[in-house]
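Engineer: Each chain, letter by letter, is given below.
Protein chains: 2
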Amino acid sequence: MSYTLDALAYKAYNLRVDVIRATTAAGSGHPTSCLSAVDIMTALFFHALQFDGAHPDCHTNDRFVLSKGHAAPLLYAVYKELGFITDAQLMAMRTIDSPLEGHPTPRFAHVDIATGSLGIGLSNAVGMALHAQRNRLPYYTYVLLGDGELAEGAVWESAALASYYKLDHIIAIVDVNRFGQRGPTMYEHDLVVLANKFEAFGWRVSVVDGHDINQLMVVLDGVRKACSGSPVVILAKTIKGYGVEHVQDKNGFHGKAFSVHELAAVLVELKKRFYNPAWDAYSGQQVPLKQIYKKSLKQKPITVSEQPYTIGERVSLRQAFGDILARAGREIQDIVCLDADVGNSTYTDIFAREIPARFFECFIAEQSMVGAAMGMSAMGDRVVIATFAAFLSRAYDQLRMAAISRLPLRVVGTHVGVEIGQDGPSQMGLEDLALFRALPNSLVVYPADAHACSKLFNRMLNYHDGISYMRVTRGSLPIIYDAHALFDDTGFNILRSSDHDCATVIAAGVTLHEALKAYELLKKIGIFVRVVDLYCIKPVDRQKLRACVMDAGSCVVSVEDHYSLGGIADVVSAALIGLPLQLKALAVRLIPPSGTAAQLLAWAGIDAQSIEHTLMGMLKEDK
Amino acid sequence: MSYTLDALAYKAYNLRVDVIRATTAAGSGHPTSCLSAVDIMTALFFHALQFDGAHPDCHTNDRFVLSKGHAAPLLYAVYKELGFITDAQLMAMRTIDSPLEGHPTPRFAHVDIATGSLGIGLSNAVGMALHAQRNRLPYYTYVLLGDGELAEGAVWESAALASYYKLDHIIAIVDVNRFGQRGPTMYEHDLVVLANKFEAFGWRVSVVDGHDINQLMVVLDGVRKACSGSPVVILAKTIKGYGVEHVQDKNGFHGKAFSVHELAAVLVELKKRFYNPAWDAYSGQQVPLKQIYKKSLKQKPITVSEQPYTIGERVSLRQAFGDILARAGREIQDIVCLDADVGNSTYTDIFAREIPARFFECFIAEQSMVGAAMGMSAMGDRVVIATFAAFLSRAYDQLRMAAISRLPLRVVGTHVGVEIGQDGPSQMGLEDLALFRALPNSLVVYPADAHACSKLFNRMLNYHDGISYMRVTRGSLPIIYDAHALFDDTGFNILRSSDHDCATVIAAGVTLHEALKAYELLKKIGIFVRVVDLYCIKPVDRQKLRACVMDAGSCVVSVEDHYSLGGIADVVSAALIGLPLQLKALAVRLIPPSGTAAQLLAWAGIDAQSIEHTLMGMLKEDK
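These protein sequence lines map, in sequence, to chains A and B. Note that our numbering has the first sequence beginning at 1, numbered continuously upward. Note that our numbering has the second sequence beginning at 1001, numbered continuously upward.
Bound-form chain A, shown alone (with noise of 0.2 Å):
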C-alpha cells in the first residue's frame, strides 16, 4: 500500500500521542527516545518495508531490528497503527500479563530478536542479511540504531563483516538525536563523523532530516534500488523529545515518562504543532484487528549418523565434534556454522571445507559471529557457533540475549580447563561451565570421549528450548563407550560400580578420565569406588544421582577442570544437599601458570593421585 505524505503525517501524528499516550499510562519508558525516530518509522513502516504482518514468519518478509530496544513504546504503537493490536492492548503495555514488554522480545509476535541491550541489533541483521544472501530470498533487513550505542564495538564489529561479506540487502538508520542516557553523545551531532567511520568500514552513506518523511522516504527508495554491493546506512539527524517543546533537543528527560498532570498539556501542545484540522474525517475510524498466523515452530527430531570408533582408541574430542559437525552439515540442509578465525583448532574447517556455502568465517569477532548466530537462528538457521570456550566470555551479553529470545543456539567452546597447557589462562576456559548454567533454559553437556561427543551433539541439534553448550577437551581422551551407549535425560553414567563401593567420584570430560585411572590405582589395594561420568551438567535427575552416590558408602569427591565456583562441585552439592555424606571438590583454585596438561593436572589436585589421596584420606577419616 503506497500513503501519500499527508497520510503520513497523519500516522506520525497518531505515533506520538500514543508513545506518550502509553508511556504515561506505564509510568515509565522513553518517550524522548521514541519521539526522535517518530518520522522514520513513520517512513519505514507506512512507506519502505515489504512485509505481510498477519504472517511475521514469511520468509519473503523484510525484516527489522530495533537495536535501541528502548524505544519500544513506538514499535508498539507502530503495529497498533498497522492494525494487529488494540488501544487497549498499547495502553497495557510493561504490565506483567502483556507481550508488550518493556523493551522487546519475541513473545510479541512481530518480533524476532529480544533487544534492549545497545549495539547488537546491527549483528542480529547480518545474520538475517546473510540468511537472505545464502538461500536468494528477496527480502531486505533494515535495522534502527541509536546513536549513542554506536559507542559500543560490537557495531564495528558488524560494520565490518556486513561489508566483507557484501550484504547489499541490509539498510541501516542511526536515530542521531544526539543524547545518551546521562548527557550528550561523544559526537553529539557532528554526522560528518559519523559518516566517515561508516565509509571507512565499508558502508554506503546518505545524511538525512530525520524529521522530514519525504526526503526520508525518497532517501529510502534510493537506497533500496541503488544495492551495488555494499551495506547502507542511513544517518538521519533528529531531535530527542521531537514536538514537546520543554524536553526536545535538551539533556536529562532520557527515560522519563510525563506524568499525568502533564498528560493532557503535552497532547495538547502536539495537536498544535502536528495535527491538521482536515484528519478530523479519518479521526475515530475504529480499525478492525487484524490476526497474526504464526508459524510454529516444531522441527522435527533428526539424528546424524555417527562414526564409528574402538574402545581403548585415542581420539581427539575437537576432531570428533568437527567430524560429527561436518556429517550433520552433509545430513541436514539447515545447518550452518560460525567460527571465529578458529576453525583449525576447533576443527570447524572439516565442516568450512566441504560446506563453504554454510560455513561463515567471523574473524576475531565474537560479539558479531554470536549476534549474527541469532539472526540466522531466528530466520530458521539451525546454527552452530563454536571457538575458544575463553573467547566465548567475549560475547556473554549476546548470549544472555539470545536466551531472552528464546533462540536455540548451539555452542561448542574446545580449549577448556588447564589442560591446555602451555597456553597459560589467558586460553583457559575455566569459568565456562558457570556462565552457559547461569543461563536460564540452557543444556550443558561435557563428553569425555568421541562417542560421548558424538551422540551429545545429536542431543544438541535436537534440544529447541534455549541455548545449548557442549564443552570440548583440546587433547585426545581414550574410547571408555561403546556406539549404543546411552545419554539419557539422567544426566550421568555410572561406569565403574560393584557391591563393595565406598565412595564415589563424580568427574566429567578430562577428570573423568583421570578419576578411571584413580579407581585402577585402589582397585589394586583392594578399594572399590563407583566411577560417575556427569556428561551433562545441566539438567541433571538429581534424584538418581541422589541414590547412585547413597548406595556407595558416604564420601564423595567431585573433580572438574574449571574453577571450583559455578561448576561441577556445586552441580553435585546442589544434588547431594540433605544426605548424610562427606563431599570433597577437587578444582583449579588458583590462577594456572604455564605447563604440560599432565603437570597442571597434578598441580590444580584433579589428576588421578590427587583424586586417589583425597578418596585415602576420606576413607581413614570414615573409619
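Think of the hints as simulated: they come from the structure by calculation, not from any bench. Keep in mind the model is a prediction, meaning the values are calculated, not measured. There could be a bad hint or two in this list.
Restricting the straight-line Cα-Cα distance to at most 27 Å, the calculated cross-link-like pairs of lysine-lysine (DSSO-like) are [to be verified]:
{"#": "1", "chain 1": "B", "residue 1": "1524", "chain 2": "B", "residue 2": "1538"}
{"#": "2", "chain 1": "A", "residue 1": "538", "chain 2": "B", "residue 2": "1517"}
{"#": "3", "chain 1": "B", "residue 1": "1538", "chain 2": "A", "residue 2": "584"}
{"#": "4", "chain 1": "B", "residue 1": "1166", "chain 2": "A", "residue 2": "237"}
{"#": "5", "chain 1": "B", "residue 1": "1166", "chain 2": "A", "residue 2": "544"}
{"#": "6", "chain 1": "A", "residue 1": "524", "chain 2": "A", "residue 2": "620"}
{"#": "7", "chain 1": "A", "residue 1": "620", "chain 2": "B", "residue 2": "1544"}
{"#": "8", "chain 1": "A", "residue 1": "166", "chain 2": "B", "residue 2": "1250"}
{"#": "9", "chain 1": "A", "residue 1": "544", "chain 2": "B", "residue 2": "1620"}
{"#": "10", "chain 1": "A", "residue 1": "538", "chain 2": "B", "residue 2": "1584"}
{"#": "11", "chain 1": "A", "residue 1": "250", "chain 2": "A", "residue 2": "237"}
{"#": "12", "chain 1": "B", "residue 1": "1544", "chain 2": "A", "residue 2": "584"}
{"#": "13", "chain 1": "B", "residue 1": "1237", "chain 2": "B", "residue 2": "1225"}
{"#": "14", "chain 1": "A", "residue 1": "166", "chain 2": "B", "residue 2": "1237"}
{"#": "15", "chain 1": "B", "residue 1": "1584", "chain 2": "A", "residue 2": "584"}
{"#": "16", "chain 1": "A", "residue 1": "584", "chain 2": "A", "residue 2": "517"}
{"#": "17", "chain 1": "A", "residue 1": "250", "chain 2": "B", "residue 2": "1166"}
{"#": "18", "chain 1": "B", "residue 1": "1166", "chain 2": "B", "residue 2": "1250"}
{"#": "19", "chain 1": "B", "residue 1": "1538", "chain 2": "B", "residue 2": "1517"}
Starting from the known structure of chain A, arrange chain B on it as the hints suggest.
Structural biologist: Same frame as chain A, now just chain B:
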C-alpha cells in the same frame, strides 16, 4: 642509550634466533607471529621507549602493552637482550615454574597486565595514558597490536575513547602481517582501509615498512615529537614468519614451533640472511644479569567516613553507593571512577560532579571501560567501575583478564534481578552472581541496606587480592542495620533468632527484606524462623554457616533475586552439604516478563508470601 643501525640489526638478529630457539625448546608457541614483529620491537625497545628497566614500576617509565600476547617469546627475548633474564630462563619459558608464561602475565615483573585474549591491549593502554594525562606524568604508552585483532570491536571502542580524551601520549603500532590463525585477515595488506578506519576514529596514521628498522626509528621519533592532541597509530606492513623462507607469508604456520630437527637448518638460514660477520666481535660477550626492583604494592588500610542513616528509613541503595563513592573520592586521592553513560542511574554522577578530574565517562562501551580501568589500576589508581549489572556481562572477557592480571578492580552492578520491574529482562542482572563468583580471587558482596552498602564498600576499597563486586538493588529499602553493625569475614549476619527456631531462611539484598516480612507473618502464628543475611556471597565461612543453620532445625530456605544456578542457592548447598536437612531454593527460574517489582517478586516465587508458604509446607512435611 642510543644504538647505531648496525647495533640494532644485530639485536634484531639475536631476537629472531631467540624466539625460534625458545619456541622450539618449549615445543609450542607462535614463532611466525614473533618474526613479523622483530624489527618493530627492536626499534621500540632499543630506540623509542624511555624507561628504567631495573625499576619497572617507576612512574615516569614509558609503558608497553603487548596486545598480541601470543608474541610473548619475542617480549621475553627482548628482556634477555636488555639483560634482565638469562638465556637459560628464556629457554625455560612455558614451563611450570617459569614466570615466562605462554602469554604474558604480571608474574613476569616487566608485564603490567596479562594479555592473550585479543583486542584488549589498546583499552589497557588508554587507561595508562589517561593516568598519565590526569597526573601530568611525562611517559608515553606504546601498544603493539596484531592486524587480526582489529576485527574485535573492543579495539574501536578504545580508539574512539582515546581520540575523545585527546590522548596524544599513546602510540599504537599494528603489526600488519595479513594472517590470522586460520587464514588471511579481512583486509590482508590493504593498509589504506586500515588507515581510513583509524583516521575516521580520530587518529593520526603513519604507514611504514615494518621490516625497515631505520624507517621505524624515524617514524617513531617523529610521532613522539609531533604530539598534537590526537593519538597516533603506526601501521607497519610486515611479513608473517619473516626470515624463514618456507613459512614466511604463508598460511598454515600460525602457532607452530619449529621441530628440533628443523632448528639447525632454520638457524643457518637466519644467519645467512641476517648475520653480519663483523658482529663476531660482539658475540659471546656475557651480559651480566641486571637486578629488578619491583615496588611492593602494600597499600595501607583506608576507611571512608560513613553517613549515618536511621533504622526504618527507606534509602535507595544506589544513592547510598553514590554517596559513599563520592565521600571516598573526596577523602582518598587515588580513587578514580568510570561509568558507561548510566551515571545518573548508578549515582556515580555525584562523584562525577564533585570530582570531575577523576571521573571518566566511557559512553556506552563497557569493554573499553573495563579495559581502561585495568590500565589505571595497573598504574596504581584505586579504580571503581559502575554500570547496570546486566551490561557488565558485555565485558566479562576483560574482567576475566583483569582477574588473571591480579588487578583489584572494584566493580559495582546496579539494576539487579526482577526487582527492577517494567524495563524487562534485558535490563535485569540475573547472572551476575554466577559471573563474579566464578572469577578466581574475587570478593562478591550484596548489601541489604545503606549501612551495609557503605561498610561493604569500605571493605572493597581495602581488598587487593582480585576483583571485588558489589550487587546493588535498584529500589529503596528500609535501613535494618545500625551504624555500628559488623560485616566481617564470616560473610553473613543472623538478623532474627530465638531458642524456638524451627527453620532458617538465607537471603540477601531485596529478598532479605521479603524474608523479614515472612518472619513477621510466621511469628504471628507462633512459628519462629532464623533469618540470615548472606551479605557476602564469596567468600563465606562455611563452618559458621553450618553451625548457625543446624541450631535451628532441619529446614532451610534460600531465596534470591537471581537465576537459580550459580548464585545464593549454590553457595548455600555447597556450605551445608552433608548436613541432615532439607533445602528449598527459591530463585528466578524462568525468563521474566515486565511488571512491577512486587508483581515480579511474587511471579518468581521469591516474595514474603512465597517464603512463608514454602516454609509452612516444609514444616508440615517435617512433622
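Engineer: Run every hint past the structure and note whether it holds.
Structural biologist: Hint-by-hint comparison with the structure:
1. Proximity of residue 1524 of chain B to residue 1538 of chain B is assessed by CA-CA distance (about 34 Å); at most 27 Å being required, the pair is judged violated.
2. With a C-alpha separation of about 33 Å, the suggested pairing of residue 538 of chain A with residue 1517 of chain B is violated against the 27 Å cut-off.
3. The straight-line distance between the Cα atoms of residue 1538 of chain B and residue 584 of chain A is roughly 18 Å, inside the 27 Å bound, and the hint therefore holds.
4. Proposed proximity of residue 1166 of chain B and residue 237 of chain A is supported: the alpha carbons are some 26 Å apart, at most 27 Å.
5. A hinted pair counts as satisfied when its Cα atoms are at most 27 Å apart, and residue 1166 of chain B with residue 544 of chain A does not qualify at roughly 62 Å.
6. Straight-line distance between C-alpha atoms of residue 524 of chain A and residue 620 of chain A comes to about 17 Å, which keeps the hinted pair within the 27 Å bound.
7. Between residue 620 of chain A and residue 1544 of chain B, the direct Cα distance comes to roughly 25 Å. Compliance with the 27 Å bound is thereby established for this hinted pair.
8. Taking the CA atoms of residue 166 of chain A and residue 1250 of chain B, the gap is near 26 Å; set against the 27 Å cutoff, the hint holds.
9. About 25 Å separates the Cα atoms of residue 544 of chain A and residue 1620 of chain B, which keeps this hinted pair within 27 Å; it holds.
10. For a cut-off of 27 Å, the pair hint linking residue 538 of chain A to residue 1584 of chain B stands: about 18 Å separates their Cα positions.
11. As the CA atoms of residue 250 of chain A and residue 237 of chain A are separated by approximately 15 Å, the hinted pair is consistent with the 27 Å bound.
12. Taken as a hint, the residue 1544 of chain B and residue 584 of chain A pair is honoured in the structure, with Cα atoms around 18 Å apart against an allowance of 27 Å.
13. Restraint check: the Cα-Cα separation between residue 1237 of chain B and residue 1225 of chain B comes to about 23 Å, which is no more than 27 Å; the hinted pair holds.
14. Taking the CA atoms of residue 166 of chain A and residue 1237 of chain B, the gap is about 26 Å. The hint holds against a cut of 27 Å.
15. Distance hint between residue 1584 of chain B and residue 584 of chain A is fulfilled; the C-alpha atoms sit about 22 Å from each other, no more than 27 Å.
16. Pair hint residue 584 of chain A plus residue 517 of chain A holds up; C-alpha atoms about 18 Å apart against a cutoff of 27 Å.
17. For a cut-off of 27 Å, the pair hint linking residue 250 of chain A to residue 1166 of chain B stands: about 26 Å separates their Cα positions.
18. The suggested pairing of residue 1166 of chain B with residue 1250 of chain B is violated, with an alpha-carbon distance near 39 Å, which exceeds 27 Å.
19. Distance hint between residue 1538 of chain B and residue 1517 of chain B is fulfilled; the C-alpha atoms sit about 25 Å from each other, no more than 27 Å.
Hints 1, 2, 5, 18 from the list above are not met by this structure, while the remaining hints are.
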